[in-house]
Amino acid sequence: VPSEPATRTFPSPFDVPAPAGAEDWRRLYPAYYLFSEERREFEEDKFWFFDGLHNPEPVYPFDAIMTESWWVFLNQFLTRVWQVPPALGIDQRLVNGYLYVSPTTIDDPEEIEKRVPVFLERAGRYYENWDEIYEKWVGKAEDCIARLRKIEFEPLAEIEPMETVTSIRGTTSAWDIMRLYDELLENMHEMACYHFELNMLGYGAFMTFSDFCKNAFPDIPDQSIARMVGGVDILFFRPDDEVRKLSRLALELGVADALVDNEDPDEALKAIGAVQGGDQWLAALEQAKEPWFWFSTGPGYCHQHRAWIDDLTVPLGAMRGYIARLRAGENIDRPLDEILRERERIASEYRELLPTDDDRSAFDETLGLARKVYPFVENHNFYVEHWHHSIFWNKVRDLGKVFEAYGFFHDFEDIFFLHRYEVHEALFDMLTAWATTNPGRSGYWQDEIAERKRIMERLRQWAPPPALGKPPDAVTEAATVMLWGITTDMVEQWLDAQEGDGAGDGAASALRGFAASPGVVEGPARVITAVDQLDEVELGEILVCPVTAPSWAPVFAKIGGAVSDVGGIMSHAAIVSREYGLPAVVGTGFGTKQIQTGQRLRVDGNEGTVTVVEG
Amino acid sequence: MSAAATQIRWLEECDASSVSEVGGKCASLGELIRMGMAVPPGFAVTTRAHDAFLDRHAVREREAELLASVHYDELREVADASERLRELVEQLELPEGTAAAVRAAYEQLCEGGANQPVAVRSSALAEDLATASFAGQLQTYLWVQGADAVVEHVRRCWSGFFTPEALSYRHRQGIAAEDARMSVGVQRMVRARCAGVLFTLNPVNGDRSKVVIESTWGLGETLVSGEVDPDRFTVDKVTLDLLATTIGAKQVERRPDPAGGGVVVADVEAGRRSVPSLSEEEAMALARVGKAIERHAGRPQDIEWAVDADTDEILVLQARAETVWSQRERPPTVQKRGSALEYVLADLLNR
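As given, the protein sequences belong to chains A and B, one line each in that order.
So the first sequence is numbered by this note's numbering: it starts at 1 and just counts up by one.
So the second sequence is numbered by this note's numbering: it starts at 1 and just counts up by one.
Bear in mind the hints are in silico, worked out from the structure with no lab data behind them.
None of these values were measured; they are calculated from a predicted model.
Built from N, CA and C at the ideal position, the CB exists for glycine as well.
Mixed in with the good hints, there may be bad ones.
Negatives, chain B to chain A, calculated, CB over 12 Å [unchecked claim]:
| id | residue |
| --- | --- |
| 1 | A5 |
| 2 | P258 |
| 3 | L345 |
Which chain B residues stay away from chain A? Per the calculated CB distances, all over 12 Å, these [said to hold, decoys possible]:
| id | residue |
| --- | --- |
| 4 | R34 |
| 5 | D55 |
| 6 | D73 |
| 7 | V78 |
| 8 | T234 |
| 9 | V265 |
| 10 | A340 |
| 11 | E342 |
| 12 | L349 |
The list that follows gives simulated cross-link-like pairs (lysine-lysine, DSS-like), each with its CA atoms no further than 30 Å apart [unchecked claim]:
| id | chain 1 | residue 1 | chain 2 | residue 2 |
| --- | --- | --- | --- | --- |
| 13 | A | K150 | A | K46 |
| 14 | A | K593 | A | K558 |
| 15 | A | K214 | B | K291 |
| 16 | A | K114 | A | K46 |
| 17 | A | K395 | A | K150 |
| 18 | B | K336 | A | K114 |
| 19 | A | K270 | A | K114 |
| 20 | A | K114 | A | K470 |
| 21 | A | K401 | A | K270 |
| 22 | B | K336 | A | K372 |
| 23 | A | K136 | B | K291 |
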């Protein structure tokens, strides 16, 4: 191995040019989100990587509430609640609208040592009472969601309703909207608190077991570790289970043809309603929807990824697939008993292979804790990113509709082009105009939004480099490895790709990523960059995407293998691929850039490589 | 028991308790058959037959005479004694009953098809033990055809009982001449598409959660002797996932000599060198075989195997206890701690 010169580095975040026509992109975001001269020395010395896992596209100004909420609450738990000994915060910046993150760790052993007793006492209390705490957590999450649902934004009326007078409440609808908007934001931040209350501890316990296994059995596949810990009663398989159930019911009730023959969801529902048994099926659909169709078609951090409940294209498309398979006599059930049996067999066989009784005791302790925390690790996404966030986005839309109805915005979706603090200004402006019955500055907002739409369009064409700043000697920070799937090797490959001028030469080189799900498969590539392209996927194709969301699960029934740009072994694509027994390589960095639809790919889920074999 | 029954024992009649009769190799092949493994059919020419041969011709007396004056640290002297004993043995006839029993067993092994090729190998008492590697295993004759040739090669194996290495070994181990004897195994040859060895641990680092398979084209002897860079497959022992594949150059292969008996070494055509000699399914099936044998034996194994070119069947040729890692102390993976929380802390601090 030739020695690498020590000077290899990623571009400075200060040297990244803005895309032509989007030079003014910084106006979309608050000052604290930008690289800045006064922090230059600190910022240039750090390693920043692109968070395509949660935010594959440029961040809409309003959507920044999601990234900002973990910016404060994840870090608060890490540094100020648990004092995870070696961890400092994970910082964020926006570059050309794309989110870059940078974890920090403590090197000074004395400083780390000081934090140990704090961590042991606090984390200890949570681990010891985990089951009870998790049960309460579910209650808190559901209560938070229930309160979110109650927030209703009504259009501004020509004249205040009579009820304001009869109730003698003294407050008004303008005040209501101001309060409800604040409540909406608070509710979002409250859920973010719950999200990170258990998140770090959950992943920490999982990682402890994972590291133990890797130590005891060098090169043990990550999927083996996940299979020993993972449960089968996972909420994010529930929506897909509901879809299977509805597919079976459609055949039983004889409404399957009406569903299969109508691609458009509205027409399909109308056709089903018109046949006998249709009412019963529609009732079953309604029942399944709450809450299981509050299932985002994306990672839940961007408003444009709609939930199934808002757009039935994905679940109805999946049902058409399942109906075809059922008619062909296939079994579409997940083999739950078998998965559970395998989980016990694998764990007991690895355990037997350990060298000493002390190791077996460590294995039992760490596996026990990992399994204890796992229901949270696996299920929280449904509560937080899917159920809560999907409703949250709709509430923001409802507020947008108030602006649209008053003629302040052209379209209710325009609200997403303003930052939440700017929405305060626009709201106040509109309420003032409404109260005075004089003109407000709707023209200003409309012009600004139009300009921002243009800028966002340019930003979307830009390809964010995987990393900026100073590369670390080794990637050791826990969340970086676990959540984002970034490893020392990966950073080396990015540096290599940067030198080799990466993207041009896709055919010759193999892409490397995480071996997320075992097996080797060849097939034609289907590059998907947005959820509305999912119906283009054909049987046996290799799905190549920036990142997958759990709601894509049905498409996994069709494909031969999966490749993603971002994600680690616990990413959705990895979990779902293992579930479906498909070879998958995740975290390739450049997959969607280097691969073109139609090229023949070889996906090696054992080695973590993707090769273009033809085309 | 008939005379033939004391001279010959079929492999399926052997097991771990038969070592003194049929030697370690044949006894372990019998065990493999009993556990349901596919093993090429064959028989052992027993130690009793060997005893009878040595007694008939008073070879032990001659041995005692020759070795009495040998200084074992003088290699020349050992070599001289060896040469004279081997010359003697190679001139001697097998007792008639033994020769007839070998011929009859060989005919039976051919199952009507005349002159089926067999391998003739020594199966000594001390070899194949986890703690000893005995020089006697050097006697292996491949692709022997015809009853006369089989009888001839049994005698050659017996001659190999007196190699300088074998004499020195017995002296070193303090094995008296009257206690030493050897069995010979006769086994149908496998027409091997590919063959090789497998370890039920990773021979590089001793990791017991892996099965490592080395494989090459043709008979496995090219691999054992180090004439080729084999393909290497690493399989997870628990999940049977194929974790890594390295394709070796597989420069040459051993095939039967088209001109007659024995085998020849031939170059592998360039186009076939880069082709994996095993499919993923075959690697997994081999790992399953290794796992089953290890479980039966209760310790890590070193196994020789071949894939039949006609039937694609996996055949086990030999299974021994792995000797390198099995004898080392296995250090603990982690320091024992009082609670799961303390393991979490240690993990956070040691990243």
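So which hints don't hold here, by number, going up?
-> 3, 8, 10, 11, 12, 13, 19 and 23
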